[in-house]
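Same order as they appear, the protein sequences are chains A and B. Using this note's numbering, the first residue of the first sequence is number 4, and each one after it goes up by one. Using this note's numbering, the first residue of the second sequence is number 4, and each one after it goes up by one.
Note that these hints are calculated values from the structure, not bench results. A portion of the hints provided could be inaccurate.
No distinction is drawn between identical chains; accordingly, a pair holds when it is met within one copy or between any pair of copies.
[Said to hold, decoys possible] Using 20 angstroms as the maximum straight-line C-alpha spacing, the simulated SDA-like pairs for lysine to any residue come out as follows:
no. : residue 1 : residue 2
1   : K129      : F158
2   : K129      : G156
3   : K152      : E260
4   : K152      : R132
5   : K20       : T38
6   : K296      : S159
7   : K152      : D25
8   : K296      : F158
9   : K296      : G156
10  : K152      : L207
11  : K104      : G267
12  : K222      : S60
13  : K222      : S159
2 protein chains.
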Amino acid sequence: MKAEAALGIDFGGTSVKIGLVDSRGRMLQEEHCATSACADLPRWLAMVAARVAACRSAGRRLRGIGVGVPGFTDYERGYIYNLTNVPGWRGVPLAAIMRRKFGLPVFVDNDVNAMALGEYLYGAGKGLRHTFFATLGTGVGGALVIGGKVYRGAFSMAGEIGHVPIRMNGVRTAEGRGGLEAYVGNRKIAACAARALRRGRKSLMTAMVNGNPGAITPKIIAGAARRGDRLALEIMDYISDCLATAFAAVTYLVQPEAIIVGGGVAGSGRLLFAPLRRHLAERLHPYFAERIKVIPAVLGARAGMIGCAALALRQEGTGA
Amino acid sequence: MKAEAALGIDFGGTSVKIGLVDSRGRMLQEEHCATSACADLPRWLAMVAARVAACRSAGRRLRGIGVGVPGFTDYERGYIYNLTNVPGWRGVPLAAIMRRKFGLPVFVDNDVNAMALGEYLYGAGKGLRHTFFATLGTGVGGALVIGGKVYRGAFSMAGEIGHVPIRMNGVRTAEGRGGLEAYVGNRKIAACAARALRRGRKSLMTAMVNGNPGAITPKIIAGAARRGDRLALEIMDYISDCLATAFAAVTYLVQPEAIIVGGGVAGSGRLLFAPLRRHLAERLHPYFAERIKVIPAVLGARAGMIGCAALALRQEGTGA
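Using the sequences and the accompanying hints, generate a full structural model.
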């Protein structure tokens, strides 16, 4: 008999990734599909049905299905309130629909929660007790794993570091004032670099984007920083310090053993982590500065699938 | 036979309060003693021994003893690293010493953690799942109760809201930069009012302190605000907004159902809570603004004793 496994579905804005994952977090099989090809519920279910059938005909015992979505969910009820970048998914009781259709336990969670669990169990957080996970992208997502379980709080979305204020009198947004994301989201970073170039700052980036500041991306900034470009290094330092400010809030409030950082910018390695650790140490009492770890995520693009499968493998309580 | 009870000891900088508390959180008996009269360990133990003997001779079955101290502790080991305002208590394995002496289970925790548990079980948090407790005094303390248990994090001091940064480029302290406490601690508030008076601002407070700005206290500010004094109201508004900034961080990261506020300034009632709730709502997405509750603590000066006793009544796991 083959080892027990679960399907982990990472439902993103551009692609849906389905992975078959065993109870040790190993990826047995993996398929991707453009979100546009299955963006409505019937086609989405058909696509999952095909994967479930394939697993069953291969003699796999499926323990369940976990789904991670980019939006606002109620984990207890397996309910999707709405998805940020995928229209038509407002008010969907997805777990109930899937349970009926597949006769399997189904768990639906916010994608960042799933990634956090994946990294905790099988990635950078292995062996730790409490971890905070932050992912840097268009926005800044976060999630909290406490004593082996995703902690969702009373409103299902605990760990929302992107809206944690770092400047009391800062930028106003729908989510409040001075929130981290308003300073370090991908577009903000790119816009910040573009502004400096337009103001006439000299930088390797000008040549890298053929003189078009609008074409700057965080990747280009990181590339220029790696080559010692002063402006790019200044921007990396600023991003790190903004992150460090929010991480100081996480350290004092939540005191995880480690803050695990994933997502695009996190790929910059030492370029990000060296100033980030330095700034965080400046922003903490030495007792905590010596103890808290800030470490890169290791599961990369698979964290979502692995974490979703883990929800199903562990049958993490939903009451439902 | 009398109902089961526990001793809760609230070890403060000026007084030590010992309460006998039953399993429903009711205070059966209460005694206070000046800290100066029992500031060293032998006298402190003798004082507790007298209370234990009195309980036993009255036929009480003691379930254990809980101790809350104003300082840095390791709950798991029942160990005191040091106390902020009481010299001579550095590196004391208090739980082990007391267990040996009294033959009872003993639990030693930070005093704010104990208060948070007291309010959660028997006070403002009754019936809730997750609560954050903040106490306003010389400093600003905080603690987190998650699913019925004090959550201490990996470094034993989770919930330290006083050091949560509200201004990225704010005041530098030993604990970091721009931390809440640097803006709203009792002395900061008083100093802020005194500065304004010295600059010549008109205020009822001038008469209330007989022209001596150095004599201003938070109580005087609250009193003047209650009488409609403009300067005092401005200060209350500023304090509220600083608190709201840190509470927004708590809401986004931890998502408790309620933030319970105790300590001196909290006694100002609506004067504090009205602007606090308004500013917090401005600093949150409406979804969370509608849900999070900000409520006054109700156990007052007894929260510590009751919470300490609760640690012992529930025998909250220490592994020790």
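To see whether the hints hold, each was checked on the structure:
1. K129 with F158: between (27 angstroms within a copy, 18 angstroms between copies)
2. K129 with G156: Answer is between; shortest inter-copy Cα gap is 17 angstroms, intra-copy 23 angstroms.
3. K152 with E260: Classified as both: same-chain Cα gap 15 angstroms, cross-chain 19 angstroms, threshold 20 angstroms.
4. K152 with R132: both (10 angstroms within a copy, 16 angstroms between copies)
5. K20 with T38: within (9 angstroms within a copy, 63 angstroms between copies)
6. K296 with S159: between (26 angstroms within a copy, 16 angstroms between copies)
7. K152 with D25: For K152 and D25, the Cα distance is within 20 angstroms only inside one copy (19 angstroms; across copies 33 angstroms).
8. K296 with F158: between (28 angstroms within a copy, 12 angstroms between copies)
9. K296 with G156: Intra 23 angstroms, inter 14 angstroms, cutoff 20 angstroms: inter-copy only.
10. K152 with L207: neither (45 angstroms within a copy, 54 angstroms between copies)
11. K104 with G267: Answer is neither: 36 angstroms inside a copy and 57 angstroms across each miss the 20 angstroms cutoff.
12. K222 with S60: neither (43 angstroms within a copy, 74 angstroms between copies)
13. K222 with S159: neither (32 angstroms within a copy, 39 angstroms between copies)
The structure is inconsistent with the numbered hints 10, 11, 12 and 13, although it conforms to all the rest.
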